[in-house]
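Use the sequences and the hints to build the structure in full.
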Amino acid sequence: MDLTTDFFSLFELSRAFRLNVSELDSRFRDVQAQVHPDRFANASESERRLSMQWATRVNEAYQTLKKPLGRARYLLELAGHDLQAENNTAMPADFLIEQMEWREAVMEARSGGDHHELERLHNRLHGDVAGRYDEVGHLLDDEKDFALATDRVRRLMFLEKLLSEIDDALASLEN
Amino acid sequence: MALFQIAEPGASAAPHEHKLAIGIDLGTTNSLVATVRSGLAVCLNDERGRPLLPSVVRYHADGSAEVGYEAQRNQAIDPRHTIVSVKRFMGRGLQDIAHIEAMPYDFVEVPGMVKLRTHAGIKSPVEVSAEILRSLKARAEAALGGDLVGAVITVPAYFDDAQRQATKDAARLAGLNVLRLLNEPTAAAIAYGLDNAAEGVYAVYDLGGGTFDISILRLTKGVFEVLATGGDSALGGDDFDHRIYCWVVEQAKLQPLTPEDARLLMMRCREAKEFLTLNPEAPITARLSTDEMVDLKLDVPTFAAITQTLVSKTLQPVKKALRDAGLHSDQVKGVVMVGGATRMPQIQRAVGDFFRQEPLTNLDPDKVVALGAATQANLLAGNKTGKDDWLLLDVIPLSLGLETMGGLTEKVIPRNATIPTARAQEFTTFKDGQTAMAIHVVQGEREMVADCRSLARFELRGIPPMVAGAARIRVTFQVDADGLLSVAAREQTTGVEASVTVKPSYGLSDEEIAGMLQDSLAHARDDAMTRALREAQVEAERMIEATEAALAEDAHLLNAAEQEKIRASIASLRAAAAGDNRRTINIAMDDLGFETQEFAHRRMDQSIKKVLAGRKVDEIKMGEA
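Listed in order, the protein sequences are those of chains A and B.
Under the working numbering, think of the first position of the first sequence as 1, with each following residue one higher.
Under the working numbering, think of the first position of the second sequence as 1, with each following residue one higher.
Treat the hints loosely; a few may be bogus.
To be verified - Here are some of the chain A residues that sit facing chain B, going by a computed Cβ distance under 7 Å:
| hint | residue |
| --- | --- |
| 1 | 1 |
| 2 | 31 |
| 3 | 34 |
| 4 | 37 |
| 5 | 43 |
| 6 | 44 |
These are computed hints drawn from the structure, not numbers from a lab.
Small disclaimer: the values here were computed from a predicted structure and weren't measured.
For glycine and all other residues, C-beta sits at the position ideal for the given N, C-alpha and C.
Here's what the structure looks like:
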């Protein structure tokens, strides 16, 4: 095990999208407790530096695996499917139109100060996203269809961005 | 030096068993120092039994500095040379400071961090803070009777990089080895959580003299995980005093006041604020230098009315932090109140109403941060505590970013990222043969660079000349466990390490610090050279001790030849440390550091495997049960 060990192996978890998050949480805490700079505050310079590198890596691993989008993207990266490189491929027109409709609805609710409508949009989109992650899990863990999973994950990237925009709109209404 | 050690039969006499470590709460209004004694965190009092040290520094014409109650008492006599609330100036420029027109100081127009002209010369806020730290350090050394291995110093969670760096520099000037900069609400959570064996999500509402923090933490089995933090590093009890002051000026129809009168009145306003905590009405009386008498009464409803905007100003960051943590206020199990300003009834009421629960105030809000810092210092120094081990996972409060085309900010590390954290970004050249590149690092959430805080400008030099766009310069941002940023750059295609020169926007350069160190030692018996030598020797001893402890535990990870090499390096370092050549000591330390690198890697690997293997055994046992 070294600083280049992949994030799943780092926590000795099997390389899969479906993962027990509370198990990840507690493994993260256990491993971080071993490597954290607070354990080496009184150690030699080289151990302190190493501890910072390890703790940084462990934090990155946890942040990547904790959320489904990060986890899916990371699995695709490990499988050699680069989402960035495939970013130039156009998304299908119907998906893009749907996106525009969502955005318009959000903008309208925002400018009208309609808190209730934004909440409704948020919940609807949230439900839609959850279903899509189930599909991604199936594609990645059962079918091993990385090409199709890449397409689905790219759509989810759009949708997650939209979700956070709705969150921002809700936040700006609160203030 | 002790020649004999008298020990109880059977008891260990090893002098290094309990290491002397302290926690310091370097507050806007008051500062404290605490330590762990016989397993219990206690504040160290001054010779008159008082735990607080007013964070007030008065400079005298002979160049000496007076810190604490005496300086506080005389502030109205000599306001220009008596610095109060210096924390508000740390890592700040003139244009950042509110109510500057009402301050009696002689500010020096300099780019970057403000400076004050005093009897004792021009002082940076870092030097003023160092006086406070020196005073606390002396108190601790007298009380504990020995050399300190180090200190944990608390900072507001919402302090940005420049403010943190300024605090660390102040500690360095005061001759303290900083074990860690610890966020104040997190320190309070340690003191609180370990005392109450709490589990669940807690909010720490920390309103100090000049800063406001809100941290949302999850406490699980000895892990304090900060989920989100927010605040305002220029909002505190001082602002409530200022509101009363403005009210008095208006009510009494006062003409512009002399600095002495202004300071006197401000003191009366503070007293009135404190009086209103337990009383329905406070008198405000003062005789001004014009012989004018101020004689007013302030009641609780009026006080609440004139400070209402300040109270609600604290609730905005609370909402934002909860949102960042992805939580609702009803998911918070308890709200811990920290800082003297939380004694104000209108604050308690507003926080109680917001969270729909009674805030927790069973620990002294003035002491809880120092006690938590001492507890953490004790752990970091390597003293085993009676309680179980715990781990702190803290975050950076504000996003770190870079200036891009058109004065826009590109976020590199988002706020509330768990530290330590790192992120690499690639850049390329836009001109043929370009060998240098400028990078501007900012901190903040806003889109425009002008609305964020400028942290530093970096210049990368020594990029190998190539055609435009061919160079790939990887710039790595590393935030350490103190929340401090460092930057490294490397050209990827050639592997050339680009050199980075840092020009901090509000910080002090290494040369400035060295100059201040020299100044501060000008009156002392030893000079900077002997102090640097002593520091190197202490560091060498610490390194030898750490390496020997590692060998005692894990020598099996090394073969005989490797062990021999390390032991030889230890021997040469020990020989070097016995001499008085700092360079030789540093070379020997570098050598031992190099020889132990692989060993450190193997130890880290072993400990991770062990803890994960331990889990599996636990799970199997649980499965069988």
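So, going through the hints one by one against the coordinates:
1. 1: Hint holds; residue 1 of chain A Cβ to chain B Cβ min 5 Å, cut 7 Å.
2. 31: holds, 5 Å
3. 34: holds, 4 Å
4. 37: Since chain B brings a Cβ to about 4 Å from residue 37 of chain A, closer than 7 Å, the hint holds.
5. 43: holds, 5 Å
6. 44: Status holds, d = 5 Å.
Of the hints listed earlier, there is not a single one the structure fails to meet.
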